[in-house]
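Protein chains in written order, with this note's numbering: chain A, 6 to 244; chain B, 27 to 151.
What the hints contain is simulated information worked out from the structure, not anything from laboratory work. Treat the numbers as computed from the prediction; the structure is a model and nothing was measured. Where hints are given, some of them may not hold.
As the list claims (entries may be wrong) - Taking lysine to aspartate or glutamate pairs in the DMTMM-like style, the calculated list, with each CA pair at most 20 Å apart, reads:
#, chain 1, residue 1, chain 2, residue 2
1, A, K107, A, E18
2, A, K174, B, E123
3, A, K81, A, D41
4, A, K198, B, E45
5, B, K37, A, D130
Stated by the list, open to error - Which stretches of chain A does chain B cover? Using the computed rule of at least three CB atoms under 8 Å from a CB of chain B, they are:
#, region
6, 141-154
7, 167-174
8, 197-203
9, 236-242
We put the beta carbon where it would ideally sit given N, CA and C, even for glycine.
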Amino acid sequence: MQAQLRIRRYNPEKDSAGYWGEYTLNDVNSNDSVLDLLHRVKWEIDGTLSLRRSCAHGVCGSDAMRINGANMLACKTLVSRLGDGDSIKIQIEPILGLKVIKDLIVDMEPFMDHYKSVMPYFINDDPPPEDGRERLQSQEDRARFDDTTKCILCAACTTSCPSFWANDKYVGPAAVVNAHRFIFDSRDKAPEKRLAVVGDTFGVWRCRTNFNCTNACPREIEITKAIAEVKNVLYTGEI
Amino acid sequence: MTTYSGVTHRKVQVQSNFERYAFLFMRLSGIALLILAVGHMIVQHILNDVHSLTLQYVADQWSSWGWKVYDMLLLFIALPHGINGLRNVLEDYVHGESAVKTLNTVMAIFLIVSLLAAGFAIASF
Chain A
6 MQAQLRIRRY NPEKDSAGYW GEYTLNDVNS NDSVLDLLHR VKWEIDGTLS
56 LRRSCAHGVC GSDAMRINGA NMLACKTLVS RLGDGDSIKI QIEPILGLKV
106 IKDLIVDMEP FMDHYKSVMP YFINDDPPPE DGRERLQSQE DRARFDDTTK
156 CILCAACTTS CPSFWANDKY VGPAAVVNAH RFIFDSRDKA PEKRLAVVGD
206 TFGVWRCRTN FNCTNACPRE IEITKAIAEV KNVLYTGEI
Chain B
27 MTTYSGVTHR KVQVQSNFER YAFLFMRLSG IALLILAVGH MIVQHILNDV
77 HSLTLQYVAD QWSSWGWKVY DMLLLFIALP HGINGLRNVL EDYVHGESAV
127 KTLNTVMAIF LIVSLLAAGF AIASF
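Extracted from the complex, chain B is given alone in its bound form (with noise of 0.2 Å):
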């Protein structure tokens, strides 16, 4: 006689889209910003006065390579997971296909063009 104990696993072919992506990629750069943003806050804005953040500050900040990999992946991850969050809230208001669309569009360049603006002032600094 068969005796049936224990769970049974099963694997299954899964159609991938790009949702699904794009909640994977808010919940693991949500992680990352709890480490990053709030490493700048304290860095910005606790260890050092909002006062004393002057060109010349960015500039010796920048002049090491550690704070710009820093910088570049807080602006890579940061501005891609606020601009997904806005799509989202979007979508809960603007309905026509259309209408998403463009919007869609809109932010996708508005945050390709800030990317490379900021990545490129980052890199050249």
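So here's chain A without its partners, still in its complex pose (with noise of 0.2 Å):
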């Protein structure tokens, strides 16, 4: 199979403005990855292409990106989903929402600014239990969470969320999914000061339960589903 790739570009040293560059790749397998794709173009065809990688498993969150409109991670992303045949297009981009650096590369510091924001630790000052070993808690209490404790911080949701294109201010739904993870967590004792920053002016309340968070999470996390139990918790002031 032959892959047309159009993959956005931008070098701040030499370009004023992104542009498009136009690369074709043969024989392509439809069990390749995107990203196997793109290391063949910086590896055979043009070495300047910047991008971030990392485990290229699906694990580190490192190399998503807007494919084919849709962000995903490009290490998990087989050609195969994309479209079959003897010919295939694919246009790859960054993730929208943050500033672009170099080519596929984004400043992902505000967005960990963020996920900061939410205090993404465990609180809890009372004294360990008398045996010296973990704090311990029901399976149902650990099931709450279980879903949220996925997240690889990857900011294909939150850069795939319209409100948070309109206004960066806006936590994202990634802090929010982090603060679920602790705040339904029973062994935590900092609920409120993470409900007092995703219950603010820009927390969940800029959620305008689009999905596309949940749509793009490479982990399958229900993301608007927990912004909306983080909601509900800031309704009831019941956890």
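Work from the hints to combine the two standalone chains into their complex.
This is the structure in structure tokens:
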């Protein structure tokens, strides 16, 4: 199969604006990932192409990008998912809503600042259990936040959110997901602090429930549902 | 040995703000509008011909307290619902703090004047 790649390029040292680079690859297999194709472009055609990637197995969350108009992880997206036949066209852009540093690399700092704002770490100043081992909880309590533990901070959700595109002060779906993970943890003692952040003007109220985040999540976290659960706590005052 | 089972429910202190009430208002008023606005459409545009909607028709309708209350509810729910929706849309495009404040003030004045004028018109008809 032949793949025609259209990749958004931008080098701040040379270009005043971004442009589309077009590359043709032959002998592409349907089970190649988009990351494999980007590697071939970088290694065989143009070594200046810049992108982030690390584990290449959908775990580290480094290579979220906009592929044929939808946010995906390049390493988890196989060519077969994008089409079939003798020839395939693939358009690849950096994720939206964050400043492009170079080519497919964006500045993740604003995203990480929102993440840090919800205090994504366990807070409990009570002395540890007498046996010195872990703080136990029931399986039912653990199940309440199981889904939101899966986040890999790839930013695919937040950068697919129109509310975040419109206003980057919105904490975004990923921050709410990580707040949810601790708010619903029965062992954590600081839900109020996190609820104050996600319940603020630029918190969950900016969510328009259009499910872009849920569709974009490579970990299949039910993000819109998690946001709704946080909203419910903000109304009822009960976790 | 302590056993752990079931779901732990906890009460938390939640801070309130305008957005929290605005969001709740939009949900509740949306449900009310499903009944009021659809009812209005059925009565005025299906059961009655649009050409028969004369001043006399309105006068006859508002001679009944039931219709006055219905239209007053429609006014006081639909207009704030619409203005708040517009505020949300505009805030997606206007980010400057003073510009947002000015727009919100203009919309609030428009809302209050419209509610008072229309409310007075219905009540005194």
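Q: Give me the numbers of the hints this structure contradicts, sorted from smallest to largest.
A: none
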